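If you read the protein sequences in the order shown, they are chains A and B. First residue of the first sequence: 5, per my numbering; consecutive thereafter. First residue of the second sequence: 3, per my numbering; consecutive thereafter.
Simulated from the structure, these hints should not be mistaken for lab results. As the structure is a prediction and not an experimental result, all values here were calculated from the model. Fair warning: there could be bad hints in the mix.
DSS-like, lysine-lysine: derived pairs with alpha carbons at most 27 Å apart [to be verified]:
1. B:249 x B:218
2. A:15 x B:52
3. A:37 x B:249
4. B:171 x A:174
5. B:160 x A:174
Pairwise CB distance ranges (calculated) [as the list claims (entries may be wrong)]:
6. A:76 x B:56: 47 to 55 Å
7. B:166 x A:5: 16 to 24 Å
8. B:57 x A:6: 44 to 52 Å
9. A:215 x B:137: 16 to 24 Å
10. A:5 x B:58: 47 to 55 Å
11. A:213 x B:124: 51 to 59 Å
Note that CB positions come from ideal geometry on N, CA and C, so glycine has one too.
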Amino acid sequence: MDLSPLYISVKTALLATGLTFFLGVYAARYAQKLGRWQGVVDGVLTLPLVLPPTVIGFFLLLFLGRNSFCGRFLQYFNMNLVFSWEATVVAASVVAFPLVYRTARGAFEQVDENCIYAARTLGMSENEIFWRIIMPLARPGIVAGTILAFARALGEFGATIMLAGNIPGKTQTMATAVYSAVQAGDQETAFLWAAVIMVLAFLIVGVLNYWPESYYMQGRRRRHAGG
Amino acid sequence: MKRQGWFYLLLLLAVMGLGGCSSEREKPQTEIYVSAAASLTDALQNIGTKYEAENPSVKIIYNFGSSGALQTQIEQGAPADVFISAAPKQMDALEEKGLLLEGTRQDLLANEVVLIVPKDSPLTISSLSELAGTAVGKIALGEPKGVPVGQYAGQIFKSLGIEAAVTSKAVYASDVRQVLAWVEAGEADCGLVYATDAAVSDKVRVLLKAPPASHKEVVYPVAVINSTQQERAARDFAAYLGCESAKNIFKEFGFTVK
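Here chain A stands alone, though its shape is the one from the complex:
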């Protein structure tokens, strides 16, 4: 039984989650400072959440395919993104990005502004304020967003199969492995991968519900409701 889809899926999802974490938090931090362009930029950054993965795959091919500007640039270094493992990370990151971006933005907006004002009067720099006041207070939301991003990256199919293909041992994730198995009439393999994915999904939901941070917040809420 070829277990490469499991390794590829997990590797891809972990790397994609790491990338989107930094990109998403960065984008959320600076999104509010855009003023007039905020609406447009916000729309574009949230788009992958609403677009069908096949449309995302189509645009990725358009912008990163061999005949595109980026594609030809990469060709210079003898690199080709399409049908490579890196493409699975790109596809997974694009679809997972809005999840981190939106939840991070939401978490940042929930932070009590008085804390920030107080910090400013005490002479903290903007950077210090971000890392020592805003981030810790926004942590539960950001953690939740990151876990959702991981789940989304793990389950990505449409854009992945269009950009990275479905090459066993190289770019075949668990999701595309199920698809191939069904296409070939191999019910057993399809069941196997579906079961593995379901177990992982349950674990992710479990972490989401019982991660200590959320417990901490639930505890706080209970105590406040009582007082």
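Got chain A; can you put chain B on it based on the hints?
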């Protein structure tokens, strides 16, 4: 801000409403579902239009895909009336399961496997064994498990002894038209498709024909599915595929008629 929200909501509903308005067409009396190999797309659509013109009460609904995927669909009970596969293998599987209507199976067409490259590709290959060499980067093939053109390709490479070398360069498509699309776009350096697929595209050119001895004969069988609800119409259409005018259309597209 709230007014902006209402504006977008109304705009969204308007766009969806426009999409929903389609002119009411009278439903024809009979609809036949034809599951056919992807390589038959253009030829069959042509034939279907002709057939519907001659039989106004019948509507042909096509379902094109890889023969393996179509076989699985039919095995799982998908409502297909007629099935045309690109290899006997998938039809045999259905016959063994007793899913075909007795006496309706017949061999319809034959085809050839060719090596294609993007039109402006600098690649020059004089024999298929060179596919194992370093001049070729990525080869687009049909997935060997369910796509007949992928299975024929596997047979060719086996006969040449270059299976291992090719596998490391292969990208697998879910049907032959996707192989064509990849070579057209240049995402793959070359690919193996049917001669008829190469003929419908002006963005690729044929480098080589696979020697017929290197793979099993490419035969397209047609049959009526047992569970059909439109037996007479299905038998009629299947028979029509073997008549003179249909045969001429197939020949126009490059198929060999049996």
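Query - residue 249 of chain B paired with residue 218 of chain B [C-alpha distance capped at 27 Å] - result: holds (23 Å)
Query - Consistency of beta-carbon spacing, residue 56 of chain B to residue 76 of chain A, with hint 47 to 55 Å - result: Roughly 50 Å apart at Cβ, these two residues keep to the hinted range, so it holds.
**Report entry** residue 166 of chain B versus residue 5 of chain A beta-carbon gap, inside 16 to 24 Å or not
**Finding:** holds (21 Å)
Requested in this report: Return holds or violated for the Cβ distance of residue 57 of chain B and residue 6 of chain A against the range 44 to 52 Å.
Outcome: holds (49 Å)
Report task. With respect to the beta-carbon atoms only, verify the hint that residue 215 of chain A and residue 137 of chain B lie 16 to 24 Å apart. Result -> violated (53 Å)
**Report entry** 27 Å limit on alpha-carbon distance, applied to hinted pair residue 160 of chain B and residue 174 of chain A
**Finding:** Given pair residue 160 of chain B, residue 174 of chain A holds - Cα atoms ~22 Å apart, limit 27 Å.
Query raised in the report: Per the hint of 51 to 59 Å, is the separation of the Cβ atoms of residue 213 of chain A and residue 124 of chain B within bounds?
Result: holds (58 Å)
Query raised in the report: Is the gap between the beta carbons of residue 5 of chain A and residue 58 of chain B within 47 to 55 Å?
Result: holds (54 Å)
Query raised in the report: Between residue 15 of chain A and residue 52 of chain B, does the CA-CA distance stay at or below 27 Å?
Result: Violated: residue 15 of chain A and residue 52 of chain B sit about 52 Å apart, past 27 Å.
Report task. For the pair we were handed, residue 37 of chain A and residue 249 of chain B, check the Cα-Cα distance against 27 Å. Result -> violated (68 Å)
Query - Pair hint outcome, residue 171 of chain B versus residue 174 of chain A [Cα-Cα no greater than 27 Å] - result: Answer holds: residue 171 of chain B to residue 174 of chain A is near 11 Å, not above 27 Å.
Going through the hint list in order, the structure does not satisfy hints 2, 3, 9.
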